[in-house]
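Trainee: Mind docking chain E on chain F? Use the hints.
Number of protein chains: 2
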Amino acid sequence: MAVPPIAPPTRLLMGPGPINADPRVLRAMSAQLVGQYDPAMTGYMAETQELYREVFGTANEATLLVDGTSRAGIEAALVSLLHPGDRVLVPVFGRFGHLLVEIAQRAGAEVHTLSTEWGTVFAPEQIEEAIRAVRPAMLAVVHGDTSTTMAQPLDALGDICRQHGVLFYTDVTATLGGNEFESDAWGLDAVSAGLQKCLGGPSGSAPLTLSPRAVEVLDSRRSIEAGIRDDHSPVRSDPIRSNYLDLAMILDYWGPKRLNHHTEATTMLYGARECARILLEEGRAAAIERHRLHGDAMLTGVTGLGLSTFGDLEHKMNNVVGVAIPDGVNGDAIRGELLTDYGIEIGTSFGPLHGKIWRIGTMGYNARRDAVLLTLAALEQVLRRAGAPVTAGGGTGAALEVYGAAA
Amino acid sequence: MAVPPIAPPTRLLMGPGPINADPRVLRAMSAQLVGQYDPAMTGYMAETQELYREVFGTANEATLLVDGTSRAGIEAALVSLLHPGDRVLVPVFGRFGHLLVEIAQRAGAEVHTLSTEWGTVFAPEQIEEAIRAVRPAMLAVVHGDTSTTMAQPLDALGDICRQHGVLFYTDVTATLGGNEFESDAWGLDAVSAGLQKCLGGPSGSAPLTLSPRAVEVLDSRRSIEAGIRDDHSPVRSDPIRSNYLDLAMILDYWGPKRLNHHTEATTMLYGARECARILLEEGRAAAIERHRLHGDAMLTGVTGLGLSTFGDLEHKMNNVVGVAIPDGVNGDAIRGELLTDYGIEIGTSFGPLHGKIWRIGTMGYNARRDAVLLTLAALEQVLRRAGAPVTAGGGTGAALEVYGAAA
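In order, the protein sequence lines correspond to chains F and E.
Position one of the first sequence corresponds to residue 1 (the numbering used here), numbered consecutively onward.
Position one of the second sequence corresponds to residue 1 (the numbering used here), numbered consecutively onward.
Hints in this document: simulated from the structure, not taken from any laboratory.
Please note that the accuracy of each hint is not assured.
Unchecked claim - Listed below are several chain E residues computed to face chain F (Cβ distance under 8 Å; list not exhaustive):
{"#": "1", "residue": "Ile6"}
{"#": "2", "residue": "Gly15"}
{"#": "3", "residue": "Asn20"}
{"#": "4", "residue": "Asp22"}
{"#": "5", "residue": "Gln32"}
{"#": "6", "residue": "Ala72"}
{"#": "7", "residue": "Glu180"}
{"#": "8", "residue": "Thr267"}
Claimed, not checked - Some, not all, of what chain F presents toward chain E, calculated at C-beta under 10 Å:
{"#": "9", "residue": "Leu13"}
{"#": "10", "residue": "Ile19"}
{"#": "11", "residue": "Ala21"}
{"#": "12", "residue": "Ala31"}
{"#": "13", "residue": "Ile74"}
{"#": "14", "residue": "Ala76"}
{"#": "15", "residue": "Gly97"}
{"#": "16", "residue": "Thr266"}
{"#": "17", "residue": "Asn330"}
{"#": "18", "residue": "Ile334"}
{"#": "19", "residue": "Gly351"}
Idealized CB from N, CA, C, for every residue including glycine.
Same shape as in the complex, but just chain F (with noise of 0.2 Å):
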């Protein structure tokens, strides 16, 4: 079979993510490599977990990389600090929460779910009530699901959990670095992320943070790998139910007993160690209010050009907004026409959203002005050939309009 070099075409990508990897990233991954336990590369690693602790805003020592796409950073929290039998309250704003539930199912947990129609969050006494009522060992939500493009406010969770005793875990893997989040000053014991959003960098490492708190959890639950250990009785009979994804394990690689878990993947870690210092380079409110602002000229320029959005405004992540498909327009045509005539992708979506909206993005590397206004002027071109009524120049103009009163 004859496969030629790796040569993809140039691609603008403005759905929910993954969109362009910044282009700094792709050159720092494309370092050699060291070995496993060479002292440039436990300096790296060292250095990322500072870096991402920075990102994640915590001061918490646990504080590493999982190996493995963004939900495989989910996984690890949950099967982790889950005992089978535990039960976990899930509140599910869209498809990502329906993610944690069917993990922490997985792991054998007892979850408990709180829904609310798609386009909406919860308020706060909401879930205090739940917990009341569930009393569960740990509150797990998503706090942006591209799925809805909205994101759950969680400043105000972490007392509650702490009142009542539950751990607190979310998956910020939509979020970071694009919008505010505050692993501390929220209270949050673990956290999960990826790089692929607002961090600009491809898919494969999920940055992850854990409090003193759910590092007990973890205490109470190690063990040392047969491998690595003289005594080759079995495992304890209430193990973590995953090797790979155990982070006591991957905790005591990452920590200063260096004891030997999977080979790390030098690679990717390269690549999340520079998305951190792209991020804190630029600072992360300064990138926050990025996002802000293009997110809000993205939005507004689809109004322009007479389109209608999803879901609650108030509550919208700055990243991504989601756009009504207008009736009688094929959803899907015009995102093949915007992919083959001008090299942009948007998102379709799923569930009870799919054919109803499109979700596009902004983030990241492409949180940017020229991406912005491109994409409104292509949507422009390919609604307008589809029989769509579009305000002529309206997209471009509204956006404009914001990075006016902007600059």
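Mentor: Using the frame of chain F, we list chain E on its own:
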């Protein structure tokens, strides 16, 4: 925190892996991303599947990448194919046999082991006898265990497994591309690998293949994720215990249904694709012969220096040799000096061999004449400085004779 750009020191990685990545692989990984369902991306996925069919020696439709390091591939195979309570037989001849035991135990399987002294392998008759006694659902065995440098012969085991109705799984992370391996001809049902050994890539992607018989097991355990189906009833009562490593779901993502699961780690996929292209351009047989030649030169070279090798050389992998640390020599000090003064890394060892042997690899991009000769030359210098008796020029001289004979 000011963290400088990535700039790893130059290292020649001659341990048991990871080794230096082929620069072609790193260049392929610097290509820009495309969307997850872009026709270019699904095309790359299909090409990668086809390439790895050839690399594994299989016609298995179910050939794909697991997004994690090689142990993610191992765990995906075991947790997806074993029901809790299933009996599994693991012949243990080194550290990674213990790893299979541990992962299978955590998956809830009833694990039975066979043991042999480190540095030896099993006769097929021993394994068949144990299969008769245990009547397992699966035989799980490591092909090459870098901890002992041994390769377990597998070619006779497929027939035995078929005869007894046993699924046959092996981990070929350490051997694939550098040692003979034939998935279909040897009767394998499940095989997992990694990029960081003879394939010359970075850790972080686990190629995996499943026979139709293995896929049948998955079919009986398949579920569709709540977030992308309409019916939100709980997952089935006997779900695969992991969502991230659920091969039935991962197959639905790689297969024609293209059901959304994780966000493919595109950069790692570019790397895995290039690793296979490089191997198949050279030709599998030529690559194996190259590993045999350079492995032989290294073995002959260390012997020529006056050092002893470890284990049953009849069953040694081509790509790594165990070298006895001479009496009175501090093994770690020698390794440190090699790294600091010559930029060359060789491996330490685990468990019963810790402090007794070094492990020196010749694999992937580093299965090269200059890499072998430089390593032998430097090793001679550091051993002499440490006061160990070495034959001046004995290492490179003996290796050159091997090369001369081959020329």
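Trainee: Does each hint hold? Answer for all of them.
Mentor: Quick rundown of the hints versus the structure:
Interface restraint check: Ile6 (chain E) against chain F, minimum CB-CB distance 5 Å, threshold 8 Å, status holds. Interface hint status for Gly15 (chain E): upheld, as the beta-carbon distance to the closest one in chain F is roughly 6 Å, under 8 Å. Restraint check, Asn20 (chain E) versus chain F: the minimum CB separation of about 6 Å is within 8 Å; hint holds. Contact between Asp22 (chain E) and chain F, as hinted, is not supported at the beta carbon level, the nearest pair being about 10 Å apart and thus beyond 8 Å.
At about 6 Å, the closest approach between the beta carbon of Gln32 (chain E) and any beta carbon in chain F falls short of 8 Å, and the interface hint on this residue holds. The criterion of a C-beta within 8 Å of any C-beta in chain F is met by Ala72 (chain E), whose closest approach is roughly 5 Å, and the hint holds. Given hint, Glu180 (chain E) at the interface with chain F, is violated; its Cβ is 21 Å from that chain's nearest Cβ, farther than 8 Å. For Thr267 (chain E), the interface hint holds, since its Cβ comes within 8 Å of a Cβ in chain F; the closest pair sits about 4 Å apart.
For the restraint placing Leu13 (chain F) at the interface with chain E, the shortest Cβ-Cβ distance is roughly 6 Å, inside the 10 Å limit, so the hint holds. With its C-beta approaching chain E no nearer than about 8 Å, Ile19 (chain F) sits inside the 10 Å limit, and its interface hint holds. About 5 Å separates the beta-carbon of Ala21 (chain F) from the nearest beta-carbon of chain E, less than 10 Å, and the hint is met. Contact between Ala31 (chain F) and chain E, as hinted, is supported at the beta carbon level, the nearest pair being about 5 Å apart and thus within 10 Å.
The closest approach between the C-beta of Ile74 (chain F) and any C-beta of chain E is roughly 8 Å, which is under the 10 Å cut-off, so the hint is satisfied. Hint status for Ala76 (chain F): holds, given a least beta-carbon distance of 9 Å to chain E, under 10 Å. Satisfaction of the interface hint for Gly97 (chain F) is found here, the shortest Cβ-Cβ separation to chain E being roughly 8 Å, below the 10 Å cut-off. Using the Cβ-Cβ criterion of 10 Å, the hint placing Thr266 (chain F) at the interface with chain E is satisfied: the shortest such distance is roughly 5 Å.
Hint on Asn330 (chain F) is violated. Least Cβ distance to chain E is approximately 17 Å, over the 10 Å limit. A cut of 10 Å between beta carbons decides the hint on Ile334 (chain F): the least distance to chain E is about 15 Å, and the hint is violated. Checking Gly351 (chain F) against chain E by beta carbon gives a least distance of about 7 Å; that is within 10 Å, so the hint holds.
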